[in-house]
Amino acid sequence: MSEKLFVKGNEAVAMAAIEAGCRYYFGYPITPQSDIPEYLSRELPRLGGEFIQAESEIASINMLLGASATGVRCMTSSSGPGISLKQEGISYMAGSELPGVIVDIMRQGPGLGGIDASQADYFQATRGGGHGGYRIIVLAPNSVQEMYDLTMLAFDLSDIYRIPAMVLADSVIGQMKESITANPRPAVVVPEKTWAVRGRAEEAPQNVVKSLKLGDGEMEAFHWALHARYQELGEKESRWEEYLTDDAELIVTAFGSTSRIARTSVEAARNAGFKVGLLRPITLFPFPKQAYAALSRKCKRFLVMELSTGQMVDDVHLSVARDVEVGFYGRPPGAGSLPTPEELFEQIEKAYNN
Amino acid sequence: MRHDVFIAGYGGQGVLLAGNLLSYAAIHEDKNVSFFPAYGVEKRGGSAMCTVVFSDGDTGSPVVGHPSVSIILNQLSFDKYAAKVRQGGICIVNSTLVKCDGVDLPDVNLVQVPMNQLALDLGDVRMVNMLACGAYAGKTGALALPSLEEALKKALPERNHRLIPANIAAIRAGAAAVQG
Amino acid sequence: MKQVFSRPQSLKDVQTHFCPGCNHGTVHRLVAEAMDEFGIRGETIGVASVGCSVFLYSYFDVDVIEAPHGRAPAVATGAKRARPDRIVFTYQGDGDLAAIGTSEIIHAANRGEAITVIFVNNTTYGMTGGQMAPTTMVGQKTSTSPYGRDQHKDGYPIRMAELLAQLEGVGFSARVAVNSPKNVLQAKKMIKTAFRYQVEHKGFSFIEALSACPTNWGMNPLAANERVGSEMIPYFPLGVYRNTANM
Ligand SMILES: Cc1ncc(C[n+]2csc(CCOP(=O)(O)OP(=O)(O)O)c2C)c(N)n1
Ligand code: SF4
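So the sequence lines, in the order shown, correspond to chains D, R and W. The letter at position 172 of the first sequence is residue 546 when you use the numbering used here, and the numbering goes up by one with no holes. The letter at position 88 of the second sequence is residue 111 when you use the numbering used here, and the numbering goes up by one with no holes. The letter at position 19 of the third sequence is residue 20 when you use the numbering used here, and the numbering goes up by one with no holes.
Bear in mind the hints are in silico, worked out from the structure with no lab data behind them.
Here are the simulated lysine-lysine pairs, DSS-like style, with alpha carbons at most 27 Å apart: (1) LYS724/D <-> LYS107/R; (2) LYS142/W <-> LYS177/R; (3) LYS610/D <-> LYS663/D; (4) LYS189/W <-> LYS13/W; (5) LYS378/D <-> LYS176/R; (6) LYS154/W <-> LYS142/W; (7) LYS567/D <-> LYS587/D; (8) LYS177/R <-> LYS378/D; (9) LYS190/W <-> LYS203/W.
Between beta-carbon pairs, the in silico distance windows are: (10) ALA599/D <-> ASN183/R: 55 to 63 Å; (11) ASP14/W <-> ASN183/R: 40 to 48 Å; (12) HIS601/D <-> GLY111/R: 50 to 58 Å; (13) PRO180/R <-> HIS601/D: 49 to 57 Å.
Under 7 Å between C-beta atoms, here's a sample of chain W residues computed to sit facing chain D: (14) ALA100; (15) ILE101; (16) TYR126; (17) THR129; (18) MET133; (19) THR145; (20) PRO147.
Treat the numbers as computed from the prediction; the structure is a model and nothing was measured. The C-beta atom is built at its ideal place from N, Cα and C for all residues, glycine as well.
All chains should be built: construct the whole structure from the sequences, respecting the hints.
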């Protein structure tokens, strides 16, 4: 077993990118994710890679588009205001079927908002975010170890499915330090990037990376093909974690930082004799509908918890059986007012005894 | 067994270093650790705070509403956070800077250690955070002193390693201050 | 001398959040003094940018719009076109104006918008913790140029006052510093001229103020002020680069 490291969530993302073979990073400073560019500005040049602090997030996402089109692994990272600016580029990447990893360490919004934790960019992330009707892969780590592991997974899934992948965390997960094991890059078969532009060798077909589709039926066929890929993703790549759900009479469900807080509350609820379990989606797109469908066949009460006024709750409603009661407790936290395990326990107690 | 400790003081008292030191000591004892620094707006106004959770198993929530142990290094933090300590918990206070006379913390073990005074006696007021860590280990037994001493190598940047002996002395003095 | 230390009417009587030795405070004061001298406090609209000066509204006793990062000149354009009888100024850092907002500043200047732009060049991103800016000096170490700015990869520091002076739409463009009493006096004069351009309908005016950021330069205020003189001014020469109305 390799030695335990003690690192920040943001640093774990940067370390994992390097382990995953990413040598190209394009970014722009924004709190609370600046540790990622700062780490990579130090390490990538030593590895013969490229670190560019672009003039804006718009430039950095388009640098990602350009690098990805040549077939290399590459990454960008930002937070709310910057992720909004990247949406145009993400839409073009989706339309051009380009892989690439985008890290979003969520902060409060809308607008300049604030720099404390929030989960209010769930919709933006899981609905594609830009124009044109596309989705991106969204992974939601809830620990520093998962920041590491899921960043590596993001590169693999993105390459395999040719869909941009996002690691979606918030300032709690990005800024906290935990003991982790820096796992080696998993052995995954990734298809060769025959579509990449590399300069056209004799006799080789011309490769063009583009999203403009004006041919008869071309656009429709593209959308249905993407749609089929999203379905396949849902079937093969949905990931979730269940905790004490077997005999649960109430399922608490939350992702990312909130799931960490909620897990301790669920534990406390068990200690108090309540049959409560936790269902945590790890992939937000694809949303692990199958897990909700299966659990909701035996447990008829769900309680969704989010750091917002309610976004994932919509997906829960769409995924559970019809006769299930879905409750919600959310907080769009202001500066320095994260919900505590004690607070979530009270909500669980209330819902359970209701 | 899961332990959580909340540390608060003003910027410059080494609160984050104390949190890091306890974290590395816990890792040395093969525990899982979460270290959550106060972030963003909380950080402004010159206060510093962090929460450390360590456990043989899952660390659970990095956010703790009612800590089982709080280490409080200045008056402002005491006024704001002392009342949050969980019933049956421990509140370790830097009594050189904190006046807790007349404050009623029902069912909380209030441990007063004149940390600034002890640090001055050791010849370096910057040792307050080390005294606090020693007092924590001494009082709770959650971490062994040798682990703390070992952790110094990781928690301190290389250029400060020459200060390790002085830090060890402070850790021991902190532990000694809460014995008996 | 006494005058210098009394608080201008256009500034509120509050403690600022700026670090000790930060030049933002001095530039704030000079801008407020210029507003006082023209008696325009009541008709001025400030446009705050995203950076350490985002709290413009806490210090200036004028109405303020907060713009997205880099977009202040566009926001100011909208405000000025809608309210042409008002005095509109933006106050922007070098990350804000010379990186993400390059497009907005160039086009506002090129259109000759009747606004005044105060540009604070401190060779770094202050608010986000000292990353490299487009104005960072070659060789300067920052948190994202840990080996020093490398002109072959990161380009050269941009001279905005000269760049904008090339545009026909610009009325006035000047660079000032506030690192010495003499330079402060000169800066005060220039900032006043910039506002005079707007008051007298002479077109777009631009002031670049070289500024110290002791915190992110890792220097004490004195050394930081010295650096403005010894490193910045030689590369970013002070002076007037365009002055179409000969003010
Ligand atoms: C779209 C977007 N990207 C990034 C940020 C983060 N951000 C806040 S302030 C700032 C730069 C501040 O530097 P500068 O403009 O030089 O002003 P200073 O703080 O030095 O005065 C950045 C990048 C943001 N708020 N919005
Ligand atoms: S960080 Fe720099 S620019 Fe910002 S207030 Fe401090 S000294 Fe001024």
